[in-house]
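Undergrad: So the protein sequences, as listed, match chains S and P.
Here the first sequence stands for residues 1 to 287, where the numbers follow this note's numbering.
Here the second sequence stands for residues 1001 to 1390, where the numbers follow this note's numbering.
Treat the hints loosely; a few may be bogus.
[Said to hold, decoys possible] Not everything, but these chain P residues come out facing chain S in the computed CB check (under 8 Å): (1) S1041; (2) A1045; (3) M1211; (4) P1216; (5) A1223; (6) E1248; (7) G1250.
Rather than coming from a laboratory, the hints here were simulated on the basis of the structure.
Computed from a predicted structure; not experimentally measured.
Where is the CB? At the ideal position from N, CA and C, for every residue including glycine.
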Amino acid sequence: MTAALLLQSTIIGVSIGSIYILMALGLTLMFGMMHIINFAHGAVYMLGAFVIYYVFFQWGAPYFVAFLLAMVLLGVFGFLVERTVYRPIKGGIEPTLVALLALTTFLQAAGYPVFGQLDKHVPPVFRGTRDILGVMISSERLMIIPVAGVLVVGLYLFINKTRLGAAMRAIEQDKEAAALQGVNVHVVNGLAFAIGFALAAAAGALMAPIFKLDPMMGEQPLLKAFIIIILGGLGSIPGAILGGLMLGLIDSIVATALGAEPAFLLSFVFIIVLLLFKPTGLFGHAP
Amino acid sequence: MKHPSPLTCVLLFAFVLLVATSPGDADAADVIKFGIATPLSGPAAPWGIPHKNATELIFDEINSQGGLDVGGKKYKLEIVAYDHKYVIAEGVATVNRLIAKDGVKYISVLGGSVVKAVEETVNEGRVLNLPLAYADGLVSPKNPLTFHAFPSPPETTTFWKWIKERHSQIKRVATLSPNDDTGWWSIKVETTYVQKLGYDVVSKEFFERTMTDFNPVLLRILAQKPDIISVLASPAGSVGLIIKQARELGFKGRFIHVGQIDTSVVANIAGKANVEGTWVHGYVQNPLPDKIKSWQARYTKKYGEWNATSIDFANPAFAFVAAVKKAQSLDQKKIAEALQSVEFENLWGKAHFGGKEYYGIGNQILYPMPFSEVKDGVANLVAQLVPPHN
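Generate the whole structure from the sequences, applying the supplied hints.
TA: Right, dumping it as structure tokens:
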């Protein structure tokens, strides 16, 4: 592999990794606080992309308005899911998993009659390519990196520098103790759902102009996000960031050097080997 | 009493709706049921939807004239269609359902990997199959009731000879195809053929049908500096992404799909300018002969949106109707015998089943094959070539 090819695949890997991070952050946040795996994350990613399709492409609103709208709408949806799905079944882990799986299946199945059977597309927002040290990278892919970076930093500041963030961390450490200290667990859980859904929607909204859209488009990113949160450590935000970046780079550099199939296999081999030595993942800790 | 949650209500409603609208057992009397197992959703839907619609349109037109005359009795033609999403497990389930529950004796299945997965079921059930699929060994003496109704790579790769004669500057070929029966066979046939013509095959890559980010695999391909990238057997949505991403990475050469894709879907995803110069088999928008113009008008009237893929995907229905007329029987074996000798009209002219010298059985459809080149976003006919075997 030449230096130019390595550089090109590294930049592409960081770009792919940025999307993986956004997907994984929401998942790991919800797991850390409520110990649930949100199977609906892929469907929310898909809905975020379709908000861009309608609001930006069909109705002509500016892209970043549509982007923010996708995050807000799906964030509100997440809050409502906590209220109508998670809370009524009293946070039971298994019933919640089944309910979220049912929600995913319903959203995907409903997608075909609502959005149509044929693949949809969104025109490019940032046209053309950039020459970086002699290699060509699409402007759209480059834009993913700063946008995802802003969202990651924003989430970090929210969790570490605000009272609500402190409440989230308190619930993560000990839900009962947090409640005794006056934290409204239901509201904060709802907020975690909202943030998780909004981040998945942001990932979908960022990818909409790059890939094609269909109701099943969230399945692959969801699978990647699962791999990342196991790799990084369930519930760990730094783990999701590092894991996402590592998987993005493996997907890009290994696939460029050896082919797509070896890269797919290698990501699993890497996780198995890591978990053999560190069963809780990179930043996870034993319960 | 506790009220069920809104989600429970929605799911119950969806279930009731699904049960209420699922195809039940139609009155079997005087009806010929023809099963369709095809992708009506997902990346391959641009193939599956015109497959179903074209069959339905031909049957509806025959029904409106009183039906199909078999042995002095009129029969209505009815399709029973299921969506298999181009997923093997769903394909097996839909074909099992067609045969076991719906009692269908004649089917058309789309998708090489799906057709291969149901090969034994079809043979054991003595079901007549008119698939639209690329799969090694599908047209074979061991599948006497399977009649492949679309030109396959052994026929369509002949277009490379046309390219060799007219575009001698193209020397280095890269191939990129789905990682399944369809892709493997397509690439095997195509690379063997183009190497015989003297081309240098510089890259052979495969991808999972769910893949959307082709950048890494394209970087591998582009490192080999191909003049042309062949995306044989890839669905239109994937081809759109491949072309878009390859152009972003700086590829200036041509693309070829000697399979069948809707270039308007490709152009929507990739951008009109990026698709310029792409060669494709079996998808033509201009010029269309009068017979196809009439088909276009009827198709558009019934389904609203024109899909040129329907032109060649009408073959199973045309072949089936012609063979039943000739056999004057509803017995699958007799219809199969008729298929091996009947000459019938499809939308491009005269067609028949043959290819015994290549496949060992004359069960491959043969007719002058249309090839087009995309110019200004439109697939223009550049050649109609006779198949290399008869």
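Undergrad: Hint by hint, which ones does this structure get wrong, listed from lowest number up?
TA: As far as the earlier hints go, not one is violated by this structure.
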